[in-house]
Amino acid sequence: MIADDDVLGAARRRSEEVAARWHDGPAWRGLETRFAGLERASAPEVARQARDLLEDDRWIEPLLAPFVEALAGDPWVEPPLQVSRDPLRTGAVLFDCPAVSIAAAVLSADALVALPPPETVVVPGRLSVVRYVRGGGARLRLWAAEPVRGDFSAAAARPCLALGTLPLGDGVVLSLDGRTRGHLIEDATGDVVTITATIRPGAAPFMREYRIADGRFVRVATLDDGAARSQMMLTLLRQFGRADAGDCFEAASRDRAFFLRWQAMREWLAVDASAALPRLAEMAADDPNGEVRAAAAATLPVVEQSIAARRCRD
Amino acid sequence: MDAFGIDIAQIVELGTQVATHGAIRATEVVADDIFEYVIGVAILIYEVNPT
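These protein sequences, in sequence, are chains E and W. The numbering used here applies: residue 1 is where the first sequence begins, and numbers increase by one. The numbering used here applies: residue 1001 is where the second sequence begins, and numbers increase by one.
Worth double-checking, as some hints may not be accurate.
[What the hints assert, rightly or not] Here chain W is said to cover these stretches of chain E; the calculated rule only asks that three of the stretch's residues, wherever they fall, bring their Cβ under 8 Å from a Cβ of chain W:
1. 152–166
2. 215–229
3. 267–275
4. 292–306
[To be verified] From chain E, some residues computed to sit far from chain W (all C-beta separations above 12 Å):
5. D6
6. S15
7. T33
8. A72
9. D74
10. P75
11. E78
12. G202
13. E209
14. D247
15. A257
Just so you know, these hints were derived from the structure itself, not from any lab. Predicted, not measured: the structure shown is a model, and the values here were computed from it. Ideal Cβ placement from N, Cα and C applies to all residues, glycine included.
Pulled out of the complex, with its shape left as it was, chain E reads as follows (with noise of 0.2 Å):
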């Protein structure tokens, strides 16, 4: 079916009424409430209050009526939520607020008997709460990882230990501190429903991947969304060579997050290496992380060279 222009400027029109409606509604400002002002409260307080939200499910209901009715009438609306759908999992972010994320997901059962057996498990780095709305008839298999803190060496990463699993019946509730347990599910017999909220403050700088065979650490992201960023916006100052930029090569080479700083003084290199040599030389004296050190100390020489030789030439 393909709409015309003007069935699509109604269905926005109506779109965002329901929106406007959803927003003011009592289902999303009780949850505006009950979250406000805990963007700096701890983890387990913040866990604490969703798991009273997540207690009981009658809160739910209410809050998607306005977008089943609305759809009832025109197929064309668009509810305004972040939707994720792959074979696996159709997910919708219901409430977001820099305390917590509160996502909805059915996760499909004939998916996962046909996906091959994973061979990761992940753990993901922040506390979260999870409703299992259907349980599916599967088990929750869990894994124990060493806490993480923002010096995480890949070299010294101790393997992760399987805990065993856990029945997951329809109206669980169940805490999993992502910041040192990894969990799967298996042995679904029917799709798995879920509401997970999941906890802003108090998460892990990383997030982890480890080898379901051996326990063995696969691989490492960031969950420091600003470290990211920078990561990108410095790679694009070197690709549009911007010798200008030292200040910001210089100020990222101070950040928090080692692996920012390496790449910043990779980039800054690549850009200009005479004016990123005495920084270098600083951090191979004295960065608080060995590898940092361990990395400008062994570049230290070659880009001394290579502004010798560069000299001598010119």
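Starting from the known structure of chain E, fit chain W onto it as the hints suggest.
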């Protein structure tokens, strides 16, 4: 001496390679971070080229 750069491929990387935000996705958690990241990229593109 004009500014000159060293080939970035010749500069050592850290032993601990940290992937960018959103690069690892947990299976059954709706990855709101992915959304944030997509939005971040869109903002970046706009900032670089507002037209």
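Hints and how they fare:
Check on the stretch 152–166 of chain E: 4 of its residues sit with their Cβ under 8 Å from a Cβ of chain W, so the three-residue criterion for coverage holds. Closer than 8 Å: that is the beta-carbon criterion, and the stretch 215–229 of chain E has 10 residues meeting it against chain W, so the requirement of 3 holds. For the stretch 267–275 of chain E, the proposed coverage by chain W is satisfied: 8 residues have a C-beta within less than 8 Å of a C-beta in that chain, meeting the threshold of three. Coverage of the stretch 292–306 of chain E by chain W holds. Counting CB-CB distances below 8 Å, 7 residues qualify, and the rule asks for three or more.
The non-interface label for D6/E is consistent with chain W: the shortest C-beta to C-beta separation is roughly 28 Å, beyond 12 Å. For S15/E, the condition that its CB be more than 12 Å from all CB atoms of chain W holds, with the nearest at approximately 18 Å. Distance to chain W confirms T33/E as a non-interface residue, since its nearest Cβ pair spans about 21 Å, more than 12 Å. Distance check on A72/E: its Cβ is at least 25 Å (rounded) from any Cβ of chain W, clearing the 12 Å threshold; non-interface status holds.
For D74/E, the non-interface assignment is confirmed: its Cβ lies about 25 Å from the closest Cβ of chain W, beyond the 12 Å cut-off. Against the 12 Å criterion, P75/E stays outside the reach of chain W, whose nearest CB is about 23 Å from its own CB. Chain W leaves E78/E outside its interface by the beta-carbon criterion, the shortest separation being 15 Å against a cut-off of 12 Å. No beta-carbon of chain W comes within 12 Å of the beta-carbon of G202/E; the shortest separation is about 16 Å.
With a cut of 12 Å on Cβ distances, E209/E falls inside the contact zone with chain W, its closest approach being about 5 Å. No Cβ of chain W comes within 12 Å of the Cβ of D247/E; the nearest lies about 14 Å off, and the non-interface call holds. With 12 Å as the threshold on Cβ separation, the claim that A257/E sits away from chain W is violated: the shortest Cβ distance comes to roughly 8 Å.
The earlier numbered hints that this structure contradicts are 13, 15.
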